[in-house]
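Participant: Use these hints to put chains G and Y onto chain H, whose structure you have.
Chains as they are written, first to last, in my numbering: chain H, 1 to 307; chain G, 1 to 307; chain Y, 1 to 307.
Among the clues, some could well be false.
Any copy will do: because identical chains look the same in the list, a pair fits if it lies in one copy or spans two.
[As the list claims (entries may be wrong)] As a list, the in silico SDA-like pairs of lysine to any residue whose alpha-carbon atoms are at most 25 Å apart:
{"no.": "1", "residue 1": "K243", "residue 2": "G82"}
{"no.": "2", "residue 1": "K15", "residue 2": "E196"}
{"no.": "3", "residue 1": "K15", "residue 2": "R286"}
{"no.": "4", "residue 1": "K232", "residue 2": "P104"}
No lab work stands behind these hints: they were computed from the structure. The structure displayed is predicted, hence computed values, not measured ones.
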Amino acid sequence: MFPNNLLSVADFSRKQAEDLFDLADHFEKHPPMGLLDRDQIVGTLFYEASTRTRLSFEAAALKMGGGVISVPDANDSSAKKGETVADAVRVMSGYCDLIVVRHPIVGSAAEAARTSLVPIVNAGDGDREHPSQALLDLYTIRKERGEIEGAQVALVGDLRFGRTVHSLALALALWPGIKIYLVAPAILATPTAVLEALQAAGVEYRQTECLEEILPDIDVLYATRIQKERFKGEEEPLYETVKDFLRITGQTLKAMKKDALVMHPLPRVGEIALEVDDDPRAIYFRQAWNGVPLRQGIIATMLNRTS
Amino acid sequence: MFPNNLLSVADFSRKQAEDLFDLADHFEKHPPMGLLDRDQIVGTLFYEASTRTRLSFEAAALKMGGGVISVPDANDSSAKKGETVADAVRVMSGYCDLIVVRHPIVGSAAEAARTSLVPIVNAGDGDREHPSQALLDLYTIRKERGEIEGAQVALVGDLRFGRTVHSLALALALWPGIKIYLVAPAILATPTAVLEALQAAGVEYRQTECLEEILPDIDVLYATRIQKERFKGEEEPLYETVKDFLRITGQTLKAMKKDALVMHPLPRVGEIALEVDDDPRAIYFRQAWNGVPLRQGIIATMLNRTS
Amino acid sequence: MFPNNLLSVADFSRKQAEDLFDLADHFEKHPPMGLLDRDQIVGTLFYEASTRTRLSFEAAALKMGGGVISVPDANDSSAKKGETVADAVRVMSGYCDLIVVRHPIVGSAAEAARTSLVPIVNAGDGDREHPSQALLDLYTIRKERGEIEGAQVALVGDLRFGRTVHSLALALALWPGIKIYLVAPAILATPTAVLEALQAAGVEYRQTECLEEILPDIDVLYATRIQKERFKGEEEPLYETVKDFLRITGQTLKAMKKDALVMHPLPRVGEIALEVDDDPRAIYFRQAWNGVPLRQGIIATMLNRTS
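Next up, chain H with everything else stripped away, as it sits in the complex (with noise of 0.2 Å):
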């Protein structure tokens, strides 16, 4: 559990996570340089490659006054040896005072936290979990909204394979209010057991296929990607004629309330047309670059240098 790990969603409370939105928040104002010691390490493990997650715990760390140690494409080194991620973490835990670790086999991150000497971050494991940006999103909607409370929310895009969705699903639902909104086509909608476990969380959610019906009605409309590499075999061809679907626009934007949020875990190809990067309410830029303060905010907690 959160502070020990942050292996999914469901490691953390509402509470826990309005607290540490507080902490990002008091150090994007007060900048925490050093309170990190300089011989407290994060190390980055990433079994699938990735700028933003991984730079942005870096950035982070460093800017505590920390360091680093990284293994940017863990497989190309002792994965391709035949090691197992349990056994890579293990002994980088020896190394540093924290991993974030990505992995594409779901429940590796659960797996390395059980030989690890130090805290596991999951910085996605599959197409499971994504809990950072989780966490990251949902700092993003109470920065620029005020509140998560009472939020209309639509997912659109991928969100079978989307592990940010999914992660993203379930951490809303601790807040009381919420109306998701899953739209995909049906080729790409949200498994079953996803939607098992919002119904669990007794949060409210309509599946659509149809993005402008919804378009007046909700506060934030959060983009994926198709992610082309999830399709294997004899779903490849599929990739092509649905990579267009819900391709968000000007016109888009014409429909949706003054003060909506147009987010989007990023990296877009082309579910996001250049056009909308102008309008106030595209906020994915700076969903990103509140990396830095959400992640030093776990950092902090996770290591016990909250102030």
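Facilitator: Frame of chain H, contents of chains G and Y only:
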């Protein structure tokens, strides 16, 4: 324009270059540790691999007291998912204070600069520009020769694809009395656009395929690697025929002035024989080592931390 | 010779090794933060991927207050353009204060040392030497057993390609009373050159294919990975036949002394069953973790910063 960005050799004046060289000289005598705050971070984003350019910028930043975040092979990460360099740089610009970017496509750095929150250094965009290398070369000439003015410089080897020599030729044109010899086999001759730019700048130049005839006259012999990776499609077989053309050996040195300089941006493959290394005129390693103070000068100037 | 370079186990004396171990012990009790100046930089240049060796050197340097520049996969950069390791190291030696280099070709580190401005650590050159690993292994034996002298050590597994065991066997020969059992299938037997070196050093050794018969006698069981990547050409099919030979299990432990040590340089694939991990004699993770203080000792000694 420099010092806001460093995208092209057209971005700086002769005065700015000379001031930068003075600063690099100063940093070599008085190491600038502490000139950057610990939370000032230099980011390196390389879509083509590089050792020298990337490491010298990173060492420069660290030795000024700053931090470093790096994507040493950006093609393995977000680019593979289809993200544009403009989006990647825009995100990264929220995590650091200056970005050094190399990309195989001409104009990428300028595109990146349009969306970045922080200054951009173009560390090579396709076969066009590599301005920090040109500054390093000029700095080395000034340091070794006393002044750049009046130098007779032979650019030798691949003048077609070599971005280094394009940038250097145009930058040399800022000083008076320069004469440039463009020495290359016909298949690797200087592009017309570069020749026209030299003409427009009023610099005296001469194209030749014969190195021997100019050896007694030149002050600087600047050799370049024949870049195998630029020979594509039907031109690929030509690589073998041209690669040993214009090889620099002990014999070459015998025909040169006693105080001439032999330079090379490195890496070399077979263009310079190992026997040349021990000649005092062979300064290509010192040229590479100048990368740290020169790039400290660039970082300091762009971040307005010159003292 | 150490401490100028660390290229081979032949580079250090028993006295130098014991002093180094004392220093590592001291650093473990009194973390050496600040022993390096902030502008002292350790460079890691790896032509073969590594997690453990690279990260432990980098963590070691950071936790001493120094900086790190790294080429985690040098084959992707200048080497692909045809640059020699000697040139690459010579350039890099102008950017940092010590270089840790791994390269697949025997003799590369020595070649690098000839042109480098700064001390070189050989972190593996082909199937020959990996002296900092040998020192780490010896340090671990001393720390766990009290002394190295008189140890009966079984080197088990791939004794043909395993550079780790070659370096370790020769280094053990520096202590009196050592007995080495070389346990391997015929196809992976110790090279004659290594056997001759052991003979020349006057160390007692015995070759066997049968682990069981020696289990009751040994103080240290040093298992190694069968390196799939070394089986090339017509020998490739043999990998499958030998890979499970000499697997260490709970059953193996039952026949061993109560205070014996089970070691492995890691990564392991199937050579040691997971059930062994919980036995107090299984010290391979502690062995890996010792990498930080031991490598801090190496860095401090080579940079003459031992106090």
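Participant: When Cα atoms must be at most 25 Å apart, do K15 and E196 count as within-copy, between-copy, both, or neither?
Facilitator: Cα proximity of K15 and E196: one copy only (24 Å, versus 66 Å across).
Participant: Pop the pair K15 and R286 into one bin, within, between, both or neither, using alpha-carbon distances up to 25 Å.
Facilitator: Answer is within: at 24 Å inside a copy they meet the 25 Å cutoff, but 38 Å across does not.
Participant: State whether the alpha carbon distance between K243 and G82 is at most 25 Å within one copy, between copies, both, or neither.
Facilitator: between (35 Å within a copy, 12 Å between copies)
Participant: Is it within, between, both or neither when you check K232 against P104 at 25 Å Cα-Cα?
Facilitator: within (14 Å within a copy, 29 Å between copies)
Violated hints are absent here; each numbered hint is respected by the structure.
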